[in-house]
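**Q** Just so you know, the protein sequences line up as chains G and P, in that order. Everything in the first sequence is counted per this note's numbering, starting at 23 for the first residue and increasing by one. Everything in the second sequence is counted per this note's numbering, starting at 23 for the first residue and increasing by one.
Keep in mind that the hints were calculated from the coordinates and are not lab data. Errors might be hidden in some of the hints.
One copy or any two copies: either way a pair holds, since identical chains are not told apart in the list.
Unchecked claim - Derived SDA-like pairs: lysine to any residue, alpha-carbon spacing no greater than 25 Å straight-line:
#1 184 - 352
#2 32 - 191
#3 32 - 328
#4 235 - 294
#5 201 - 352
#6 235 - 209
#7 235 - 274
2 protein chains.
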Amino acid sequence: MVESNYRFIKACFGEEVDATPIWIMRQAGRYLKEYRAIRKEVDFLTLCKTPELAAEVTIQPIDILGVDAAILFSDILLIVEAMGLPLQFNPGPVLEETITDIPSVDRLGLPDPEETMPFVMETIRVLRRELDGRVPVIGFSGAPFTLASYMIEGGSSSNFLKVKTLIFQHPDVWHRLMKKVTAAVIEYLKAQIEAGAQAVQLFDSWGGSLSPKDYRENALPYSKEIFSALSGSGVPSIHFVQGNPAILPLVASAGSDVVGVDWRIEIGKARDNIGRDIPVQGNLDPCALFLPPERIEERAAEIIEQAGPRGHIFNLGHGILPPTPVENAKALVAAVHKLSSK
Amino acid sequence: MVESNYRFIKACFGEEVDATPIWIMRQAGRYLKEYRAIRKEVDFLTLCKTPELAAEVTIQPIDILGVDAAILFSDILLIVEAMGLPLQFNPGPVLEETITDIPSVDRLGLPDPEETMPFVMETIRVLRRELDGRVPVIGFSGAPFTLASYMIEGGSSSNFLKVKTLIFQHPDVWHRLMKKVTAAVIEYLKAQIEAGAQAVQLFDSWGGSLSPKDYRENALPYSKEIFSALSGSGVPSIHFVQGNPAILPLVASAGSDVVGVDWRIEIGKARDNIGRDIPVQGNLDPCALFLPPERIEERAAEIIEQAGPRGHIFNLGHGILPPTPVENAKALVAAVHKLSSK
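So that you can see chain G by itself, here it is in the shape it has in the complex (with noise of 0.2 Å):
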């Protein structure tokens, strides 16, 4: 299959497609038993980091769903550790050191991806000899606001008191962390995009717990100037901020080329309020994915009226929740196929 003729890359930037492409965030995790009986073996970073198994992951929602993208598996940390912040999990992430000051912030390394996280990179070019031109493979990483989130809170958080702390009461701090994750950050995209990633997305899963004053001032120029960088790459790139409705119009400002949207506003909106002539990613509830089938497709059809036909990337508003029923996870696949086919 030549490149430019895969509908999630066309979709990516606003051309016409056969019907609206869709993948789901965390598609290759626990709702699979497949996933579940390899992960029965190995722990989850031991997985991320052997190159075969995670081509093995990312690969078994393509098979069962029939999704137009695969996003390589992996984790949004892994480049914390990199940097030098030892990460463990259980279950959820915990960082032992966390930053508070400029001396933390000066230990941390500016790190080689291909040096530091080769099996990231080996997992793309196993990805894409493996999936040889059936679907495109999705890099990312996490955005600089929610890397220096869990850097500062070590873990995850209710209210990011901690991280508003810091930047309230020692933005020299703050600034100095942001602009030395934002350098990883974008060596570490740039390196996927070498190893074969055809396009990217960032992931910031914290950025809306900030106003938008905050949002403005504090991780927005960060994220767009990552956007910067990969403006010559010739991939396609997605900016999810989850959280908060109220931003779209400044997370679209960060110069992506498709914006993500969750749950949280009607996708319609969402295209009006950010200018229609930018691709959006999104938006079902992954809870309605426990709706009987037919509901499904029911939500499924509102979601592609609203934002269709062009510019539009179907995914969840969020990851799929590990209890979701894989038959519910293939009739959303399939509905969204079915209802947009020309």
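Mind docking chain P on chain G? Use the hints.
**A** Using the frame of chain G, we list chain P on its own:
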């Protein structure tokens, strides 16, 4: 003081005020050493259920911060206990029995508030006596969606999967539960007003987890019914749904006098989106109280500039956090009054 002269009440009705009123969600709480001193002696539920003590902690922030309204010290889940589901705090709320089906809904009682929660109405009566007109007393209830969510999840949740699965798979159970909770909330708020509450707030802490479609179909009609039932009471009502600025126009359509706004959207945009004639309450990020005091004043000025001068009650966009420096909360209250004084 004549009741109609309270600046808080006037602002709720969009009338001219001498200065922007301010109160703070969770203003009676752990950030105050005077509150912690009382909590050393009694547990949380005992404090809620002992009118003299509940009134004492309610009045503490009036004396210490100089806020313009006293909100009843209580917990939104007391009504859940009154309906028949035993409640514990360790330290977050835990319900051992949950709602799963029609019989479990039918076992819930429709409580007479004066019989099942006499301490709440007695606290309000004590407050009216002890405050003696200094500031008005705000009563409150959880909104039906949030209360029903607790009843189904049994505690807090990160994705509300149990609630949404019930809504999606057993809508008959959901709507039967919501009807009963709504009827109980109406009686509860009427009893609070009868006891002397001079305004009431409906807290929908979790409503922002729903997509606009699901909010419109599964939560909004019940909140609307409550404001409709209270419309002849003469006391102003405030509707606060946390976590999703995209549904603010729907929130406003429920018919309260005032719409609460969290920090995820500029409050000026919120006013534009819901209509400038509807008063608003909000919306400083609780974490902004960790800024240096002069920067807190800048933030207050921006909000007052966007939201005021008419129809604005200053508040945080969510509850004040326990580690907040009390001096900073005082600085905020003083700044709001100074900046907005005629």
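**Q** A separate judgement is required for each hint: does it hold in the structure or not?
**A** To see whether the hints hold, each was checked on the structure:
{"no.": "1", "hint": "184 - 352", "result": "between (41 Å within a copy, 22 Å between copies)"}
{"no.": "2", "hint": "32 - 191", "result": "neither (45 Å within a copy, 36 Å between copies)"}
{"no.": "3", "hint": "32 - 328", "result": "within (19 Å within a copy, 42 Å between copies)"}
{"no.": "4", "hint": "235 - 294", "result": "both (21 Å within a copy, 17 Å between copies)"}
{"no.": "5", "hint": "201 - 352", "result": "neither (41 Å within a copy, 35 Å between copies)"}
{"no.": "6", "hint": "235 - 209", "result": "neither (28 Å within a copy, 41 Å between copies)"}
{"no.": "7", "hint": "235 - 274", "result": "both (15 Å within a copy, 24 Å between copies)"}
In terms of the numbered hints stated before, the structure departs from hints 2, 5 and 6, listed from lowest to highest.
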